[in-house]
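Each protein sequence line maps, in turn, to chains P and S. Numbered per this note's numbering, the first sequence finishes at 605, counting up by one with no gaps. Numbered per this note's numbering, the second sequence finishes at 605, counting up by one with no gaps.
Do not rely on the hints blindly, as some may be mistaken.
Said to hold, decoys possible - Beyond 10 Å from chain P on every Cβ pair, some chain S residues (computed):
1. 361
2. 400
3. 470
4. 564
Claimed, not checked - Here chain P is said to cover these stretches of chain S; the calculated rule only asks that three of the stretch's residues, wherever they fall, bring their Cβ under 8 Å from a Cβ of chain P:
5. 256-270
6. 379-389
7. 410-423
8. 489-501
9. 541-551
10. 586-593
Hints were generated in silico from the structure; no laboratory data involved. Since the model is a prediction, treat every value here as computed from it, not as a measurement. For each residue, glycine too, the CB sits at the ideal point set by N, CA and C.
Residues per chain, in single letters:
Number of protein chains: 2
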Amino acid sequence: MVVIGGGPVGENAAGRTAAAGLSTVVVEHELLGGECSYWACIPSKALLRPVEAVSATRDVDGAVGAQLDPTAVFARRDSFTHDWDDSSQADWIAGAGIELLRGHARLAGERVVEVAGADGTIRVTAGVAVVVATGSVAAEPPVAGLADTPHWGSRDATSASEVPAHLAILGGGVVGVEMAQVYLGLGSDVTVVNDDRLLARAEPFAGELLADSLRAQGATVVTGQKAQQADSVGERVGLTLSDGTRVEADRLLVATGRKPATDSLGLETVGLEPGQTLAVDDQGLVDGVAGSWLYAVGDVNGRAPLTHQGKHQARIVASVIVARANGDLPAGPPAWGAYSLAADHTAVPQVVFTEPQVAWVGRTSAEAEAAGLRTRVVELDIAVAGSSLFRDGYTGRAAFVVDEDRRVLVGVTFVGPGVAELLHSATVAVVGEVPVDRLWHAVPSFPTISEVWLRFLEAYGL
Amino acid sequence: MVVIGGGPVGENAAGRTAAAGLSTVVVEHELLGGECSYWACIPSKALLRPVEAVSATRDVDGAVGAQLDPTAVFARRDSFTHDWDDSSQADWIAGAGIELLRGHARLAGERVVEVAGADGTIRVTAGVAVVVATGSVAAEPPVAGLADTPHWGSRDATSASEVPAHLAILGGGVVGVEMAQVYLGLGSDVTVVNDDRLLARAEPFAGELLADSLRAQGATVVTGQKAQQADSVGERVGLTLSDGTRVEADRLLVATGRKPATDSLGLETVGLEPGQTLAVDDQGLVDGVAGSWLYAVGDVNGRAPLTHQGKHQARIVASVIVARANGDLPAGPPAWGAYSLAADHTAVPQVVFTEPQVAWVGRTSAEAEAAGLRTRVVELDIAVAGSSLFRDGYTGRAAFVVDEDRRVLVGVTFVGPGVAELLHSATVAVVGEVPVDRLWHAVPSFPTISEVWLRFLEAYGL
């Protein structure tokens with residue numbers, strides 16, 4: 144069993160197959176722990192949490208004097224990334240009985256992986272399976288002049304130890320808005336430019352509330368505008384937008400999306416096209432490759448580019464691989480069974496740790512409609528005792544999408560401070576297909592923000 | 144339809160019957176909004192939240208300088224209690240089409256309520272139902288000398304605007320520990336004395352972790368000791384404990400429990416005993432009273448003395464009353480149907496807003512064992528990326544009680560900072576009877592504290 148990619152997704156797959164007794168190899172060419180641990184989820188949240196903690200005190204009368212110390216904030220981030228040293232992860236790999244090969248892996252035909260490391264290239268033939276967990280890399284947008292204009296990518300933004308006087312951010316997805324929140328909190332002037340509303344995949348009110356909040360915090364948010372041209376002006380950088388307006392800043396962060404990391408993976412040796420997304424079936428097997436040996440999990444399969452969902456895929460796929468190796472993989476496994484990636488289709492959760500937090504799971508109202516479901520959407524402000532107590536002047540909003548034919552929730556969105564941990568209640572309801580009539584008996588504790596559930600059920604008519 | 148008691152529970156019952164077209168009267172002798180709004184949940188949480196917000200910054204590197212301003216904290220509380228003015232609640236009652244009678248209500252035989260108000264006594268005969276929602280009052284413990292020793296009850300502690308130099312608290316239940324947390328935060332020396340562990344109804348580790356935390360914050364916590372004697376020593380108060388030790392303080396708070404408010408309710412006119420708990424069936428009908436007209440909801444029925452659970456009872460009972468009045472109450476309603484208080488037995492949630500927060504729903508491991516269930520309990524530290532990021536040095540613990548015969552959760556406990564909103568995920572799982580094998584597909588978002596769910600499922604063997 145060979146896992147290509149030692150990020151959290153690859154680690155989860157390898158950990159479970161090794162624990163089940165399969166001889167397991169992980170290949171990694173950068174840091175074990177991957178993008179998430181060193182340049183994405185972990186450093187971004189390490190930076191965001193002090194910003195949130197201070198912001199919370201400003202919205203709670205009686206709590207006074209809180210400030211951010213940027214040097215200490217950056218030091219906190221460095222602590223969580225272990226100063227970009229992966230030795231503790233390597234220790235975990237070794238302790239789990241997994242063999243680590245450091246180097247670049249590429250496929251070289253069926254079941255064969257070549258690893259080019261510091262000591263030369265070795266060939267490994269997988270008896271059971273190869274799992275591709277190489278993740279994704281930042282995709283640069285086709286903006287004239289951008290290649291010649293100094294700019295940050297997401298890695299630079301999450302690993303920086305400076306607070307630019309003025310930071311321009313091209314991109315209003317998760318990376319763009321979270322970094323806007325960080326640098327706003329740390330004192331930068333921030334301009335966000337996006338060609339759509341912010342967080343365009345979420346319910347429309349999410350991006351609107353977030354834009355309102357970022358503006359109230361002092362940011363300039365430009366939506367519905369493309370960048371046409373990038374250039375340098377001395378030490379500064381400039382963007383010319385589609386309507387002709389001009390943004391100049393001390394730093395430019397480009398965060399316009401990601402693409403699967405499959406460029407140099409030897410896909411051509413197994414009949415696939417380099418650079419493509421590795422589409423998989425609900426057992427994680429890569430489409431178009433015979434023999435049931437090549438799996439893809441995490442960002443690289445394009446299903447749900449989120450660490451937690453990739454880890455989930457890794458757990459399921461590891462179970463599939465072990466069961467198949469043991470000859471006891473059931474035929475036609477049920478949708479929500481132990482060997483199915485069913486959750487990818489209808490129950491992916493996500494939290495954006497901005498102010499306000501944006502959290503959603505399952506289908507948005509637009510996605511549910513596109514899927515042909517007969518739905519009823521209840522949208523309402525989060526305005527309960529628990530929210531008022533949590534932050535003075537609390538502003539938040541929620542949407543609940545009910546499949547009327549089954550009277551179960553198929554999607555829920557929460558926008559507001561302190562909703563990150565609330566999301567899992569919705570994930571359980573969606574995955575558990577708990578009827579709304581039963582949810583009426585799931586009493587939210589008073590006074591928590593969770594009472595928004597009660598307001599939803601009342602508005603729904605219970 | 145007459146509702147005796149205009150707290151949140153009575154208001155919920157009245158609001159729903161009035162909305163359904165029943166002529167509805169509410170009788171209240173104190174403030175509309177009740178204990179919760181003026182002397183319990185709301186003021187306590189208004190006081191606790193600034194303490195929590197400041198404490199959070201101290202556990203997040205990079206957030207510096209936060210302090211509490213006690214005067215502003217008390218002013219925040221005053222704002223949430225509307226300076227103990229209930230005119231906004233009276234406006235709500237009027238707007239909902241409910242008739243308000245201010246005065247003391249007592250039963251005077253079947254369906255008859257006498258209300259003694261400022262302008263004399265009037266008799267109201269309920270055509271449909273009488274709902275008792277009088278709540279509970281503090282129960283003073285039988286401690287020698289206590290009656291002659293000046294002391295605070297819970298109302299004094301939640302409405303005070305002074306920070307005692309040294310506050311002694313008799314009682315380690317919810318009121319005792321929450322007020323310990325408030326006054327510790329505001330700078331008092333605090334001593335808590337309890338005859339059992341703290342929060343004795345919760346899983347044992349909850350009280351132990353809370354005691355550890357209160358001690359680390361500077362409190363003295365004495366468990367397993369009764370108070371034998373109370374006395375005054377000049378301006379100070381003293382307690383002599385069962386082991387002979389002596390506690391002296393500037394203020395004494397007695398918070399040792401509550402009793403149903405049924406002393407002067409005229410229960411004797413309907414064949415019941417004054418002062419007793421009004422036990423009810425699963426439709427809310429008071430045991431031992433014929434004719435299906437007398438209901439009891441909230442603390443007074445002794446089922447689950449929590450605002451949210453009382454409000455839930457009120458909603459269900461209002462549905463029962465309306466259906467019965469319309470002649471369409473189904474016979475033998477199912478346990479989780481619209482006319483059943485089933486949740487009271489197996490799915491009551493509770494959150495204690497201390498540091499750490501303590502939140503649990505359903506059965507503790509001891510309660511599940513006592514109920515004869517074949518259970519497996521998974522207890523584990525809350526130690527995931529999300530908790531580490533939330534607070535530096537995060538300490539927390541969780542317990543998951545699985546009914547092995549049905550492979551569903553029957554109880555969950557979370558102890559740790561920031562778990563209040565996490566509880567509802569467990570409530571949905573317990574009420575929804577979502578099998579643990581299905582929960583495997585309910586992916587917690589990374590990096591949230593909710594990933595403790597994943598650790599549970601892994602430890603359980605998935």
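Report holds if the minimum CB distance from residue 361 of chain S to chain P is greater than 10 Å, and violated otherwise. With a cut-off of 10 Å, residue 361 of chain S remains clear of chain P, as the shortest Cβ separation is near 19 Å.
Counting residues of the stretch 256-270 of chain S whose CB is closer than 8 Å to a CB in chain P, do you get three or more? violated (count 0)
How does the stretch 410-423 of chain S fare against chain P when you require at least three residues with a CB closer than 8 Å, holds or violated? violated (count 0)
So residue 400 of chain S supposedly isn't at the interface. Is its beta-carbon more than 10 Å from every beta-carbon in chain P? holds (19 Å)
So is the stretch 541-551 of chain S in contact with chain P by the C-beta rule, three or more residues under 8 Å, or is the coverage claim wrong? Violated - the stretch 541-551 of chain S has 0 residues with a Cβ nearer than 8 Å to chain P, which falls short of three.
Chain P covers the stretch 379-389 of chain S, three or more CB atoms within 8 Å, holds or violated: violated (count 0)
Establish whether the coverage given for the stretch 586-593 of chain S by chain P is satisfied; the threshold is a Cβ-Cβ distance below 8 Å, and no fewer than three residues must meet it. Satisfied; 8 residues make the cut.
Is residue 470 of chain S truly not at the interface, in the sense that its beta carbon sits beyond 10 Å from all beta carbons of chain P? Given that every Cβ of chain P is farther than 10 Å from that of residue 470 of chain S, nearest at about 21 Å, it holds.
Coverage claim, chain P over the stretch 489-501 of chain S, checked by counting residues with Cβ within 8 Å (three needed): As far as the stretch 489-501 of chain S goes, the hint holds, because 5 residues have Cβ atoms under 8 Å from chain P.
Assertion that residue 564 of chain S lies outside the chain P interface [Cβ separation over 10 Å]: At roughly 4 Å from the nearest Cβ of chain P, residue 564 of chain S sits no farther out than 10 Å, so the non-interface label is violated.
Of the numbered hints stated above, those contradicted by the structure are hints 4, 5, 6, 7, 9, listed in ascending order.
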